[in-house]
Each structure stands twice: as C-alpha cells, then as structure tokens.
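Engineer: These are the residues of each chain, in order.
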Amino acid sequence: MDWLNAIVQGVLLGGLYALFASGLSLIFGVMRLVNIAHGDLIVLAAYLALSTTLILGVHPFTAILVVIPLMALIGYVLQRGVLNHTLGDDILPPLLVTFGLSVFLQNALLEGYTADPQKLNVGSLETASVSVGELSIGLLPLSTFVVAIVVIVFLQWIFYHTALGRQFRAVSDNADIAQLMGLSKGHIFGLALALSLVVCGIAGILLGARTSFDPAVGSGRLIFAFEAVIIGGLGNLWGTLIGGIVLGVAQTIGGKINPGWQLLAGHVVFLLILAIRPRGFFPRVEH
Amino acid sequence: MLVVLFLVAAPWWAGRAELRLLGEIYLYLSLACLWNLMAGYAGMVSVGQQAYVGFGGYMLFALTMFVGLPPIAAIGVSAVLAAALAVPIASLIFRLNGAYFAIGTWVIAEVFRLTFAQVNALGGGSGTSLPVSIVKSLASSRSGRESLSYFLAIGAMILVFVSIYFFLRSKRGLALTAIRDNETAASGLGVNIWRTKLEVYVVTAALTAAIGGLIFLQKLRISPDAAFSVNDWTAFVIFIVVIGGIGTLEGPIIGTILFFLLRETLADYGSAYLMILGLVAILVMIKAPRGVWGWIAQKYDIELLPMRYRVQLDK
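Just so you know, the protein sequences line up as chains P and B, in that order.
Numbering follows this note's numbering, with no gaps: position 190 of the first sequence is 190.
Positions in the second sequence are counted from 1; adding 287 to them yields this note's numbering.
Each hint should be verified, as a subset may be incorrect.
[To be verified] Simulated restraints on C-beta separations:
#1 B:Asn-407 / P:Leu-164: 53 to 63 Å
#2 B:Asp-468 / P:Leu-56: 47 to 57 Å
#3 B:Glu-551 / P:Ile-276: 41 to 51 Å
#4 B:Phe-454 / P:Leu-164: 42 to 52 Å
#5 P:Val-153 / B:Asp-468: 40 to 50 Å
#6 B:Asn-518 / P:Gly-88: 23 to 33 Å
#7 P:Asn-121 / B:Leu-553: 31 to 41 Å
#8 B:Leu-308 / P:Gly-260: 54 to 64 Å
#9 P:Pro-259 / B:Ser-416: 42 to 52 Å
#10 B:Val-354 / P:Ile-276: 48 to 58 Å
#11 B:Asp-468 / P:Ser-184: 23 to 33 Å
#12 B:Phe-454 / P:Gly-260: 36 to 46 Å
#13 P:Ser-129 / B:Arg-482: 19 to 29 Å
[What the hints assert, rightly or not] These stretches of chain B come out as covered by chain P in the derived footprint (C-beta under 8 Å, 3 or more residues):
#14 324-334
#15 359-371
#16 374-387
#17 512-526
Rather than coming from a laboratory, the hints here were simulated on the basis of the structure.
Being a predicted model, the structure only gives us computed values, none of them experimental.
Even glycine gets a Cβ: it sits at the ideal position worked out from N, Cα and C.
Just need the whole structure built from these sequences, with the hints factored in.
Structural biologist: Below, the structure is given as structure tokens:
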C-alpha cells in the first residue's frame, strides 16, 4: 500500500513537472529557444503571487488574475526587448543571455525578498484530501494534476485550432517565409514567450502552494522541466506530461527507499532513459 | 614573458593576502580558458563544469585521507579518474544538442553533488576539512605552504594555457574550429566530429578536475554545496569568458582581470553585485558578442597571441 501510495503521489507530482515543462517545450517548438531562466521565472511568479496576496489581501488563487497578465507582459517585453536580438544560427547568444538573466533574476529576488523560505497560504486546501480505498489523495496535488491536463489541452487547442497557433507553426517551420507572408516574427515570438510565461505563472502559484520556496530554487525547477521534456520526447506536449509523471514517480519511489535519494533517483532514471531512448518516449513524428 | 616571470616571483614581493588573491585569479583564469576551449572553440556550452571542479576537490580529500597519497599525487590521480569518468558521461550527454546539452551537463553536476552528499565518510551534506597531518605534509611552515600552493596555481595556469595554445595551433585545433563554424562542412572534409569533441570534453574534464583539486587545496575545506556550486565554478567563469571575448585566447585573460576588479570593488554589495554581473553579461552578449577583446582587436586590428589567422594563411 505504501508503494502504491508513493506511485500515486509521484504521478500527481508529475503534473506539476509537466506544468514546468510545457512552457519550456512551447518556446523551443516555436523558436528553438531554450530558456535557462525558465525556472527562475516560475519562482518569480510565485513571489509575484506572494506580493499580491500580501498587498491586496486576496487568496493566492485569486492572485492569478494579477500574476498572469503581469507574466504575459514580462514575457512579451523580454522577448521583443532582449531575446529577439539573440536569435540566429548561433545557439550561444540566447543560451548565455538567458543564463545571465537567470543569475540576474535569482539575485534580484534575493535582494527584494531575502533568502527566507516563503509559502503561499491556500488555507484548508493544503491539508484536504479525498480517500480512495485505503489511499488518501491530497486535493491540492490532485487539482494541480488536473490543471496540468487542462493547460496542455488548452495549449494544444491554441496550437492546432487557432489563428495564433497557425502563426506559431508557420514561424516555427520557416520564420523567413512566414515573414514574407506578412507575419511579424518578432511579434509572434513575443506572444510565444508571453504564453510560456503565463504557464510559468500558473506553475509558480501551484509550486508556492505546495512547498516553500526561496530565490535559489529556480534552477532545480528548470532541470525538472528539462528532464520531463527529454523523457517525453521533444515537441510533444502529451509526451511531456508522461515525462513529468515518470520523473515524479522516480522521485517519490527513490525518496521512499531513502529520503536522501529522492532527487538523485529522478536524475538517474532520466540518464537511464537518455541511454536507452535518446529521443525520449514520444518524439514528435511530424511537424 | 617578463610579466610571467614577475608573477612567478610573487612570493618574494607580495604579502600573504595578495598571494592568495593571485592564486585564486590563476585558478579562475585556468577554468575560464578551459570553458572557453569547450564553448568558444568546440561549440559545447556546458553549465555543468562544476561537476569536475567538485569531483577534483573531493578526490583530493578522498585519496589523501583514505588511500594515503600525497596531495600533489592525489591531484594527478584525480585528473586521470575524471578523464575516465568523462568518457561514459560524454557518450550520454552528447546525445543532446545545443542548449539541451548545456542543461544535460547541469544534470550530471547535480548527480555528482547529490552522490557526494550521500558519502558519510566525506562528511555527507555538511562536508569535511583536510586533516592537519596532510596539510602539514605539503610543507612544514605556513609560509612554505602558501608559496607552494601559489607555485602550483601559477604552474597549473601556465600548463593549461600553453596546452590550449598548442592544441589550437595543431591540426586538431583547426579541425575543432572547422566543426564550430560548420559541422556539416567539417564532416564532409573528413573531420571525425564525435571523436574530436570527445577528446576536448575528456581533456577539459581532466584539467578542470586538477584545477578543482588545487582550489580545494587552498580552501582546505569541502562541502557538496561549495564543491558543486553553479555560481562559483560556472556562472563566474561564463561571465569572465563572455566579457573578455569568447572564442579568443586573449579574452579569458581580459575577462579575469575585469572580473576580479569588479569583484574587489563591488563584492560588499552581495546579491546586487551578482545582479550587475548578470546584466553586464546580457548587455555584452547583445551589444558586443565578441566581448571586450573582440572589440579591441577589431578596432585596432591587433592580436597578442596570433594563431588562427596565421595558421590559415600558411596553409
């Protein structure tokens, strides 16, 4: 029963990791950009939510109404103001610029909020749970998992059923020709990062509700996101969910055997999968 | 040449604090040159070189404490071990391209950190100090130890710098730049990409581990967080190379000087100082991607350490 419990918790944890990962996957799909500051942006969202709850005295989940537009704005401005200048054939500039951004954000948060761990207080939801047989499933992890699925469905819908998604796919396939057809590459890339940061916003709030966070935890979230993306296969959002679940289960089972092995077990499983299936479980077939 | 001689003689003219600072500068310059070799010449951007710095440090402690090797021999052995370890690691992470390779190296560093944190004999998560008897075995007097560790640092720097210089001037170095500039074309000309990259990765790992050993021989204390710190051993190093000029031999030297000037003036500001570092790196990468040295070289058309262009002309 303990083991089953660990697996269920791992699956639910995987939902959170899939949320971390889908924003990363999205911008890679559209503009081949790997954002090293992704994890720090998630943490930034958690802090924005914290400030909103403190200033306006609202519930963290209401704070989402402030955090999401703010993150979208940051994403658009960041892309147009900074990252668009780095995109090209050379992978070095975007990599190093987002790395610099990561260092900047981490220390800006440290300066603004100190290194003390913080937590978003979501009230009774934190401890509430439902019983399924002998299992007791926390409502917060469960709702996080549901949110992850909703977000992925939503992103898929945007990608394949809206004009915006068509533009995303067009610039992804060939940015220059898309530009000739009258699309503004810079604008669309800006929208893509805005959308990615909206997902970061949701992920950040759920992260903050689940565990305590401090300015230094961003790089860890980036690594989990990255592992979920690679395990699931590049460019496949449902694969990313599976990747998150694999990682989450590996961590909870590892942690069950020995608390010190939790993170290590996740990394080791990731490396094993990289050794056996270098392209992940469900690499993008076409498009 | 004169500058180098002047610096080698530092124990006779510099005070204790200056000597320590200079030693640290040499080790950072070595790390920067090695990272530059990988990123600037071989096109492999790693954000996980702290894996080898920490490994070298921990191996120094383990080999001296449990095997009884003298510290300098232990550093040599740990370089060999790092090279041996780097081969299977490379075969794994070379499956990842570009930026994903970078994060893959980070995962490896995390695995190293978490693994060493589990080793209770080395102090687990809180780390351990080098026993006094081993420290004393280096040299009996304190000033003797300080001079020795200074000579080791400057020696390591010269070794790293000279080997990179000759490597890049060799045929393999040319192959390397060919790969960086155009992988497909290089492979078409018969360059074995995978092998060349592997060689660079493994040699860099070994030398980085040796530098790591020297760093922790200076510090005399090690812990997983200090040994595998991404800020100390990768972010600062990347900053140095980017500011100075990536893909040039002179760049890391300029970058190291600028970095330490900044650090000595701004270090009191703590995280604000790191924010400035991050911002400066972003600005340089966008406005002057070839760094300070690239800008100088272009403006005045000079090269202090001519190699690439001349090699190409002679061909």
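Engineer: Each of the hints needs a verdict: does it hold here or not?
Structural biologist: Taking the hints in turn, this is what the structure says about them:
no., hint, in the structure
1, B:Asn-407 / P:Leu-164: 53 to 63 Å, "holds (55 Å)"
2, B:Asp-468 / P:Leu-56: 47 to 57 Å, "holds (54 Å)"
3, B:Glu-551 / P:Ile-276: 41 to 51 Å, "holds (49 Å)"
4, B:Phe-454 / P:Leu-164: 42 to 52 Å, "holds (49 Å)"
5, P:Val-153 / B:Asp-468: 40 to 50 Å, "holds (43 Å)"
6, B:Asn-518 / P:Gly-88: 23 to 33 Å, "holds (28 Å)"
7, P:Asn-121 / B:Leu-553: 31 to 41 Å, "holds (37 Å)"
8, B:Leu-308 / P:Gly-260: 54 to 64 Å, "violated (37 Å)"
9, P:Pro-259 / B:Ser-416: 42 to 52 Å, "violated (26 Å)"
10, B:Val-354 / P:Ile-276: 48 to 58 Å, "violated (35 Å)"
11, B:Asp-468 / P:Ser-184: 23 to 33 Å, "holds (31 Å)"
12, B:Phe-454 / P:Gly-260: 36 to 46 Å, "holds (40 Å)"
13, P:Ser-129 / B:Arg-482: 19 to 29 Å, "violated (55 Å)"
14, 324-334, "holds (count 4)"
15, 359-371, "violated (count 0)"
16, 374-387, "holds (count 7)"
17, 512-526, "holds (count 5)"
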